[in-house]
Each structure stands twice: as structure tokens, then as C-alpha cells.
Amino acid sequence: MGLHKGNTAQYELRDGSKIAVLGGGPTGSFFSIFALKMAKMMGKEINVTIYEPKDFTKDGPGGCNRCGGIISELLLQTIAVEGITLPDRVVRKGIHSYKLHTNHGTVFIATPAFEKTIATVYRGGGPKGMAGGETESFDNFLLSRAAAEGAIHVPLRIERVESRGKPVLFSQNKEVMEADLVAGCFGVNSTTGKIFEEMGIGYKQPSTSTAAIAELAMTEEAITECFGNSIHLFLIPDKDIKFAAMIPKGQFVTLCILGEDLSPSIVREFLERTLVKSVLPSSYSIECSCLPRMNSGAARRPFADRVVICGDAGSTRLFKDGLGGAYLMGKAAAKAAVFQGVGEADFRREYYPVYKSIIYDNLYGSFLYAVIGQYRRWKYLTKAMIEVVRKEQRDTDNTEKILSNILWDMFTGNERYKNVFLKSLKVRMHIDMWEGLFKSLLRRDDAER
Amino acid sequence: MLKGELGRNYTDGEIIFREGEKGEVMYAIQSGKVKITRVTSSGETTIATLQPGDIFGEMALFDRLPRSANAVALGDARVLSIDKKKLFTTINRDPTLVFKILEAMSHRIRSLNEELAKLRDAKAKVVKVCPDMKATCGMILDQAKEFVKAENGSLMLLDDREKKLVIMAAFGSDRVEKAHLSEGYGIAGDVLKTGMAELINCVSSDRRFVRSPIEIGSMLCIPLKCDQHIQGVINMSHSSENHFSLEDLSIMNSLAFYASLALQNAKNFASLRKATDGVLIHATLLNEYAAEVD
Ligand SMILES: Cc1cc2nc3c(=O)[nH]c(=O)nc-3n(C[C@H](O)[C@H](O)[C@H](O)COP(=O)(O)OP(=O)(O)OC[C@H]3O[C@@H](n4cnc5c(N)ncnc54)[C@H](O)[C@@H]3O)c2cc1C
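Listed in order, the protein sequences are those of chains L and P.
Counting in this note's numbering, the first sequence runs from 1 upward without gaps.
Counting in this note's numbering, the second sequence runs from 450 upward without gaps.
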């Protein structure tokens, strides 16, 4: 592997070609669904086997690929057009708005007509004791869709991949398959990346940071009263925390804290803050918490002859809409394999541009988060921002609502970062911001006097 | 209980979009059903009935013309809207996104083609000027039998003078039923009054149902309308419940349109013949009288 350059017939998928998918999370399932769909369109009968040891119907950490579980508006709409509509049993709550909390005020941004365009889901069976019943996890739903397209799910963990012209997969020290293509969709929360690094194809795992997740149990009435159909975001001046979100789901609220290498005590510390307490009901309990790894940079060389690596194991959208990234990359890799071939050159031509576009877009993202970081840190900037958004929300004739839209797109992952950046260049917004800043400074002067 | 969450709720009969409106979004059905209707000179016609997972409203996005039909919630429905600008930006990045839309459109064109071919055939057979009313009714019912699978069927016409429905043609157990129903009596009588086609999935629980020795689980009852004048009804029934589909209802509605024309033709022809016969008799009598006088 890694020896052949250029597209030759040997890299074309044919009837009977075998694809091994390592990991049945969203990326693995999206890859499999599209590879099978597209192969059918081309009149090819390929075999797709998904290796995934987790049982996504199980409750507790064993069945869960830990994440906030927000399905962005963009992803929901796109997969609906693809014919994948999320059934009610998968959606834990429909979201129509965001509430942004800062130490200097709160703003509320909603969709037009309060249409619930964002979904919250569980990736596994949910917190302990929740399994069964009428609900289904997002990962299980997607894996079942892949199986319905014809993929075979094998509940094994792959421990070694050897290159013998074609990749050969091993589990429990036994050879399980010689594949025409291996799709590495193993995320960043296992040691599998090492297996691929050791293959000598030049792959280098992405950089990661630690995030924190906790499930807060409370009554449904409390959730309706305190959260409604809104995701609550916290922008607070804390050097460790970039931002935090509380995501309502049935009888639980998922707390997600993103920052730089967080420690286990972060959840309790966060919940002790006055601002946070003012949002929560008086009675709730922490059902579980974890510190998953989060992709924070792109992997090097995510493809070679007969190998493609996608989803979190490659690159993903910075801080947002990782599941949207899983869809984009899973589909792009499937398209390359079916329509072009499984050689390095095929992936370079068809897959790499999508991969790179995510990396470039994240550069705009980093810049925007840096700006938001400043807003978070400087009281008067925070106040000015709140002032402008409030004004935009009050003004029903103002259809542009630039800053509200920017914040919405940033936090919902609804728009590429580049487009958000371009929106932020609009002069009107800057005039409003200066006006807001001026007003909050004036108020300070008044107060001081 | 699971509460439906995503999208926007529409109650039964609520309009999602109207014919002639500008189309800025397309839709995906999350739950419930949506019917696509058009208003024609003979009333509202349902073109399609869509199910969860189906997409609709995409035509106006692609041809940039006003909406070509109405979309109405059939029962409570929940629908997710998909913004045109975002959709096209995504398609621009990944043109394979239109595969599914193309597939849905091809499906629709294919079933329209099939329906059109069937109707052309039916029209050719049925709209022939046929002088005999009973023969015309028989022909219409034969055609209906080809369109939907039913165990029993009948075509009843309204006797304007007696205000009664009279069976003109029948098959299956309906053949032995010699009932003459009064207007407004039973399901058929009701359809005659309202002029609305009905699909009844469970006949026994319909309070208008008039008990009969024949075992009927489900039925279709379609009015025969011509220029808003209702001439009669076609009944198709089956012993099992939930036997007929909304597609059956739709194709029978289309057939009923041509059938009404054919019946009107037959009626016109019959009265024309009566009139000519009258004239002929008069002429003969006059002739004879003239001969006698001579
Ligand atoms: C704190 C946090 C919050 C987040 N919140 C959101 C959010 O709200 N919305 C959003 O869109 N994204 C969110 N993300 C990002 C999102 O979780 C990821 O982008 C997404 O899970 C990536 O999917 P994946 O399939 O690539 O990887 P994963 O979901 O990690 O799945 C990888 C799968 O591979 C399997 N696997 C690993 N090794 C092997 C092996 N050797 N053999 C077989 N199988 C193997 C694992 O069991 C696992 O099931 C969040 C991430 C974090 C850390």
C-alpha cells in the first residue's frame, strides 16, 4: 500500500468488492449508507461490513459515543433531502431557540415562526436506567439505516490491520477479513488511531483536547419551565472554558463544557456559579459525567491506496456540528470510492478537497472564536453585544438582524465559518456595535458619577 | 408517550402553501400526511397524497415559477421546511444531493405516466358515443374493475324524478342487490349529497352504513359529477378492512371524470334519439295523414 500512484483499474470497486468500515458511529454509518446507495445506482454489488463493538441500544457509557447530541438545522435539512428523516423516537427534543447567558445579561434568539429546526438526541441508550421503551439512539438509528441498505454489522473490535497488497484485518488475534478498502471511522476516543499510524501510510492522528459532559436529571416539568425548547449557552469569562451549553432532552439536560483540557472537577465548579444556578431548577441530580476527547486539529495523510480515514479520526468542524462533519466526510469518501476508485490518487482527487475545505473553514472558525473570546472577556464588549442583539430582536422591521444571525450560525453550526466571517464584515453591524459599546461606556460613567 | 417534536405542526385541512404563491422553501414530512390538490372547473382534485419521509414543494424551487398546486395537511401533520438558499448552496457543493430529489421526481413522473396511459385508454373506451345507458354503465364499471382490485362493485344513477339511486351495472355480490336507495340514504346517498369521493377503511364502524347480508370491510364511493351536477355514484368494496389505498381513490376520481362525460353523452344521445324518434313519428303520422287526405 502507498506504492501505487494514479488511477488504475485495480482500484475500481467491482461486483463482490469488500469494504471494511472500522467504527459504526455516525461517520461509519454515513459512509456505508452512501457507498451502498451509490454502488446500487452504478449497478455494482459491493459488500460493506461495519466493525463496531458498541451496542448503541445499551444505556450508560458502554453504549454511548459521548457528545452533546445536537443535530444542526443544516444537517437535519440535508439528510431529509437525502431521504433520511429522523423519526420521533430518536428526537429527544425539538429546538427552536438559543438563550445566550453572560454575566451582563441574557438574550434569546429564535427561528422564524418558532419552527423546531434543530434536534437533540442521545448517541446511545442514554443515562443508566433509560434503555428500552420507545426511544432509539441516533447512532443505532443510523447503523440500522446502513444495515437496511445492505451493510453487515459485526460486533467486533479490530485490533490490527496489516498491509499485504490489500489490507487484512485482525480481531482477537484472528484474521477476520481481507478488504479492497478500509474506511477508518474510529473517532478520537480509542487507541485505534495508533493502528493506522503503525501501518506506515503517513497517517498521523489529529490533535485533541478534553471536554466535559454531564447528564443532569430533573423532572420534565422542570425542564419545560427552565429550558423549554431552547438550548442555553453560557459565555463567561473563564480562561479554561470556551463556552458551555445545556441541552434539554426529555427528563435530562446534557451539560457540555468545551475548553482546553478540562479537569474532572469542572462540572461541579461550573454548576456552582451564580449565573448557572439562576438557570437551573432548585432540585436536580448529576446522573453521570465524562471527559471525552475532542478533535481539535486535522489528521495528516488521511488516505492511501485502499485506506481512507474520515470523521473525527480525520478532521471535523471546530467545536460545532461534528455530526455534520461526519456526514460530509463519510459521503465524500464513499463518493470517491464508488465513482472513482480506492487508490490514493482517487481519494486525493475526490475526497481530499472536501477534507481540506473543512480544515480551511476551521481557520475562519478559530478566528471567530478568538473574537468571541474577546467579547467574553471584556465586560463592555459583552454588554455591547447583548445590547445590539436585544435591539435587533426588538426591531421587527429589521429583517437582517446581522449579529443575531452571526451568533445563531456560530452556535448552531448552521453555516460554514467562512460565511459567518463574511457576514461579520457587514458595516451595519459594526456601527451598531460601536453604538452599543458607546452606550454601555456611558452607563458606566453615569454609574461612576 | 412520544411527542412529535421536529418541524412545524399543521392541523387537518390547514394550508401549507397555495397554488400561485412564490416558492421559497421545500418541505419534508416528519409525521402525518399531506395532500397536494388543485382546483379545477369540476371542483378540488387531489393529485397526490404524501407520507412521512416524502419531500414536496421542490418544483417551484427548481423552475422558479409560482406554486403549481396547494399543499394541505391531511389530518394532523408535522413538516420540516428546507430553505431554498441553503439547499442550493449545499447542492452547489455536493451535486449528488439532487439524486434523491430526482428519484422522487422520476417516481412521480412515472406514476403520472402510468395514470395518464390508463386514463387515455379508459377515455378512448368510455367516451365513445354510446346510445345505450346501461351498456355505458357496464363499460365504466369494467374499466373501474381494471383500475382497482375489488370483490364487489356497482354503478348507481340518480333517477331525477323518483329521487332514488338505481343500480345500472354491478359485479360480485352487488349484482344481486336490487336496492333502490333514496337520495341521502346510506354512504352512497351521502356521497351523492356532498359530491365528495370517500375511502372508508372500516365500513362497519361508519354510522351511515346500511347493514346488508354481504360482508363488506372497506369501500370506495365516488360521485359521478358533470358540471357540478351529480348524476350518480360508483361503489367498489372488499370484504377485508383497509383494502383500498389513497392512490385507488385518486385514480377512481380521475376515471369518474371521464365516466361522467360518457354518461352525459349517452344521456344526450338518448334524448336526441327520443327527440328524433318523436320527429320521425310525427313525420310518419303526418305522411300517413296526408296520404289519407289525398
Ligand atoms: C463534548 C463534546 C460534545 C459534542 N457535541 C456535539 C454536538 O452537540 N453536535 C455535533 O454534531 N457534534 C458534537 N460533537 C462532535 C461529535 O461527537 C463527533 O464529531 C462525532 O461523534 C464523530 O463521529 P465519528 O463516527 O467520526 O466518531 P465516533 O462517534 O467517536 O465513533 C467512532 C466509533 O468507532 C468505534 N471504534 C473505535 N475503534 C474501533 C475499532 N478498533 N474497531 C471497531 N470499532 C471501533 C467506536 O466504538 C465508535 O463507535 C461533540 C464532541 C464532544 C467531545
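Rather than coming from a laboratory, the hints here were simulated on the basis of the structure.
Worth double-checking, as some hints may not be accurate.
To be verified - Computed footprint of chain L on chain P, listed as stretches where at least three residues anywhere in the stretch have a Cβ under 8 Å from a Cβ of chain L:
hint, segment
1, 454-460
2, 514-522
3, 527-540
What the hints assert, rightly or not - Straight line, CA to CA, 20 Å or less: simulated EDC-like cross-link-like pairs of lysine to aspartate or glutamate:
hint, chain 1, residue 1, chain 2, residue 2
4, P, LYS549, L, GLU82
5, L, LYS40, P, GLU507
6, L, LYS174, L, GLU136
7, P, LYS535, L, GLU82
8, L, LYS356, P, ASP503
9, P, LYS534, L, GLU225
10, L, LYS335, P, ASP503
11, P, LYS534, L, GLU115
12, P, LYS535, L, GLU115
13, L, LYS37, P, ASP532
14, P, LYS533, L, GLU198
15, L, LYS418, P, ASP503
16, P, LYS533, L, GLU400
17, P, LYS533, P, GLU493
18, L, LYS37, P, ASP503
19, L, LYS99, L, GLU225
20, P, LYS533, P, GLU552
21, P, LYS535, L, GLU400
22, L, LYS401, P, GLU552
23, L, LYS40, P, ASP532
Ideal Cβ positions, reconstructed from N, Cα and C, are used throughout, including at glycine.
Exercise for the section: Sort out which numbered hints this structure fails and list those numbers smallest first. Expected result: Checked against the structure, the hints that fail are numbers 2, 5, 6, 8, 9, 10, 13, 14, 15, 17, 22 and 23, while the rest are satisfied.
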